[in-house]
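Chemist: Sequence:
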Amino acid sequence: MVDIINPGRLKVSDALTKVVSHYFGKNNISEALLKQSWIEEIASYPNLTENGWYNPPHLGAAILACNSNDVTRSHFKSFRDSQFFSNNQAINWKDLILVAYASNVDNESGVPADFATTAYFGESPKIRAYFRKCFNVCNEFFSNFEANSTSGQAYLLIDRIASENGLEGKTWSSTDNDYNFGHTLPSLYDLMPDLNNTSKELSDISAQKMRKSRQFLSGSSDWNLSDSGQFTIDPQFIVPSDISMPKVMIHYVVDASSKKIKVCNSCEHLPRMLGLL
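Residue 0 is where the sequence shown starts when you use numbering that gives the first Met the number 0, and the numbers rise one by one after that.
Check each hint, because a few of them may be wrong.
Cut-off 20 Å, straight-line C-alpha distance, at most; resulting in silico cross-link-like pairs (SDA-like, lysine to any residue) [claimed, not checked]:
1) K208 with N195
2) K169 with P192
3) K17 with N135
4) K259 with S148
5) K169 with K199
6) K125 with E267
7) K199 with K76
8) K76 with N86
9) K17 with I28
10) K132 with N91
11) K93 with Y22
12) K211 with H57
13) K258 with T149
14) K76 with I242
15) K261 with P6
16) K261 with Q152
17) K169 with N135
18) K25 with H57
19) K208 with T197
20) K132 with N143
21) K76 with T197
22) K208 with D193
23) K125 with L273
These are computed hints drawn from the structure, not numbers from a lab.
Based on the sequences and whatever the hints tell you, model everything.
Modeler: Okay, here's the thing in structure tokens:
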């Protein structure tokens, strides 16, 4: 699986790795500082907007940090909730769990370069094995679903695989007012053909149009994956029997339009660097 269908997303992933590598282990580094540095690094790419379509949180991005002795901060319901906005408290790098999300748009294609991942910097065998299980559930799903599936069928398949592994992973959407495992990534230029594709700032109107036009992979949905262009598979895994384990948000992008499944797996890059995969 390689990142060829959404190149903007790979840039967002590379920007995160660069920023985290730069600050890792330094004192007085906060979620807010990491987020701002990440946004600035993303904006340095000429084809990417400097803000995202998912707002709030500010600029359409989120960084959350916690440690294995208290994983509460990882158990967000929505990044729109102000208590989960990136804060100014110093990060404890030891045994760190880091959740990162950004929703910038690729100006060249008009497609969101949506990216999210969760990484663990510690050495707990239990937590490291749990992270591997979460990513393995996703890859088992990709190995078993077909491009001609419907959104509802894909939802049921990933839900079943997660349950068989002792996990739950539904994502809450205030837009759809339901739980889901992903959504379509409509091109801004399909929605607004006359839009200027050189602006670095995504307008509120454009962001709202993109937000409202998404279709979701929910239990009640029934659209054909092969007709949708790009869509996300973005579970937020928890262990329902053990609330001491962190939530692990993973965010793949898939294209099934050619009747073959193509997957952007840049959400695996930082966890792989940390030896989690």
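Chemist: Against the earlier hints, flag every one the structure doesn't satisfy and list their numbers going up.
Modeler: Result: hints 2, 3, 5, 7, 10, 18, 21 break, sorted rising.
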